[in-house]
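If you're matching them up, the sequences are chains A and B in order. Residue numbers for the first sequence follow my numbering, so the first one is 1 and each next one is one higher. Residue numbers for the second sequence follow my numbering, so the first one is 1 and each next one is one higher.
Be aware that one or more of the hints could be misleading.
The list cannot tell twin chains apart, which means a pair is met if one copy fits it or any two copies do.
Stated by the list, open to error - Think about it this way: if two alpha-carbon atoms lie no more than 25 Å apart in a straight line, the pair counts; the simulated PhoX-like pairs of lysine-lysine are:
1. Lys283 - Lys202
2. Lys241 - Lys18
3. Lys222 - Lys197
4. Lys42 - Lys241
5. Lys152 - Lys27
6. Lys222 - Lys202
7. Lys110 - Lys241
8. Lys26 - Lys202
9. Lys136 - Lys110
10. Lys152 - Lys136
If you're looking for bench data, these hints aren't it; they were derived computationally from the structure.
There are 2 protein chains.
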Amino acid sequence: MELLDGTKVANEILDDLKNQVENLKKKGVEACLGIILVGNRKDSESYVRMKKKRCQEVGIINCDVRLPENVTEEELLRHVERMNQNPFVHGMLVQLPLPPHINPERIISKVSIEKDVDGFHPVNFGNLALQRHPEKTMFPCTPEGVIYLLDKYQIPIEGKDVVVVGKSNIVGLPMSLMLMHRGATVTVCHSQTENLKQKTSKGDILIVACGQSEMITSEYVKEGGVVVDVGINSVKDETRKSGYRIVGDVNFEFVEEKCSYLTPVPGGVGPMTIAMLLSHTVKLASSE
Amino acid sequence: MELLDGTKVANEILDDLKNQVENLKKKGVEACLGIILVGNRKDSESYVRMKKKRCQEVGIINCDVRLPENVTEEELLRHVERMNQNPFVHGMLVQLPLPPHINPERIISKVSIEKDVDGFHPVNFGNLALQRHPEKTMFPCTPEGVIYLLDKYQIPIEGKDVVVVGKSNIVGLPMSLMLMHRGATVTVCHSQTENLKQKTSKGDILIVACGQSEMITSEYVKEGGVVVDVGINSVKDETRKSGYRIVGDVNFEFVEEKCSYLTPVPGGVGPMTIAMLLSHTVKLASSE
């Protein structure tokens, strides 16, 4: 089994972005990513911290807005609108999930399409689905990062049988569409799927994004298949200082003997997602 | 095998629409569908003729624009814009395909979202994909008609293995998304799919929209499965007056013994598509 080393591939991308950001600076453009974070969820805080850290490494500046858990939808919308209007912000995102009293769809559809680095705006999504304006469309970062990683390791997609577990709007669904567009025969499985093992074990490529800690064991995997683990789950671990550790949706140890390629967690899809996010920001700054 | 009788189900819908249209008339609203047809393609002319005939039966009036094959994109766009602005037109469509010198994406994205009865506008499509505003979203007529037909015959979708052959923006892709949203485990096959038979024969429901005359024979079908044939192909037939006959993508005779339900062609999905189109028009007229 060969590791799909997301950290290494992401670092190559970040090195390249660093050069691009420096060149932009010479032209007087300071690439800037705006991040709106609502509330105090530990996982969201940790994601935002990581995004900002990588921005800093690459030279992208941040414009942050931190809002309390009980912010009203109207107040949040005002901040989105302010960031839309801010000419110094090239790309922006609202960290998900939002508190239950806020309608995330309403917020996301108010982010300027031209700044939507997450690719969640319905117009960006419609363009992705219909393959319109691929050069201008922002693709959701996680599925784009997965495909980048597969391409980097020269793993063919066209004509292959790909099974995606999970059909979320953020990962499973756009992942399935992007793989279809690349000529894969895609089967989308989810919580209502019957005989899941039987289906996943047919996948030349298996992509798991179901949020179930280590549920994918060797019976779920095709002999010699490629396995991509999108899961990021924290599980209790009293042997660690922090009291927890991060695991994926795939049981690494059970699967590694059987597959040809496998992403580690952490260090697989996660860093690729952030690399795509920064890449979107730099692309938008470059087209200023 | 039981026939999925699209003609019968569509007629029930049309009867109901007829009443709705009459009620609208009493309120002073004349439900109106605008149709723009470019060029002289026989198939397009025939589709438009059928749509207008059904409109007439139901009491929907038409606003037609017929443009020559060599119309410029700008001129066509002016007609689209005029129809967008026309307060008497509730729903509108531009008959596809368009001549090769015209970019269909550009035209479709200029149709007012509020009048887009075909559901092809990227915003409508993005909403479909993301399941946003299902009450307001116009779904593409053919996949919506297929689901209506399955529901009418109380064929369960949730948890079922559904195979869709074809991934066009008009049928295969929206069909797959709508089935996923209904909880089916969907596999999308297409021209690059390997071992097609092996995949299609796993489908509790098999939906074929690949435009290949009668290619689906019994080996492609699961014993006791449901088969929906979206194909409309004209093949030469010198025994007919017209010199041709209409066949689907499924070889009816080869398949009928093996499956539990089957749509005929003609008289299956075709009439359902038109019923959905008219239903969209009446819905828009009712919300005037």
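Quick rundown of the hints versus the structure:
Within a single copy, Lys283 and Lys202 get their C-alpha atoms no closer than 37 Å, and across copies no closer than 44 Å, so neither meets the 25 Å cut-off. With identical chains, the CA atoms of Lys241 and Lys18 are never at most 25 Å apart, being 34 Å at best within one copy and 71 Å at best between copies. With identical chains, the CA atoms of Lys222 and Lys197 are at most 25 Å apart both within one copy (10 Å) and between copies (20 Å). For a Cα distance limit of 25 Å, the shortest separation of Lys42 from Lys241 inside one copy, 17 Å, qualifies, whereas the shortest one across copies, 74 Å, does not.
Neither within a single protomer nor between protomers do Lys152 and Lys27 lie at most 25 Å apart by alpha-carbon distance, with minima of 31 Å and 63 Å respectively. Within a single copy, Lys222 and Lys202 get their C-alpha atoms as close as 6 Å, and across copies as close as 18 Å, so both meet the 25 Å cut-off. Taking the shortest Cα distances, Lys110 and Lys241 never come within 25 Å of each other, neither inside one copy (41 Å) nor across copies (58 Å). Proximity of Lys26 and Lys202 under a CA criterion of 25 Å is satisfied in neither setting, with 51 Å inside one chain copy and 59 Å between copies.
Both within a single protomer and between protomers do Lys136 and Lys110 lie at most 25 Å apart by alpha-carbon distance, with minima of 18 Å and 18 Å respectively. Proximity of Lys152 to Lys136 under the C-alpha cut-off of 25 Å is restricted to the intra-copy arrangement: shortest distance 22 Å within a copy versus 42 Å between copies.
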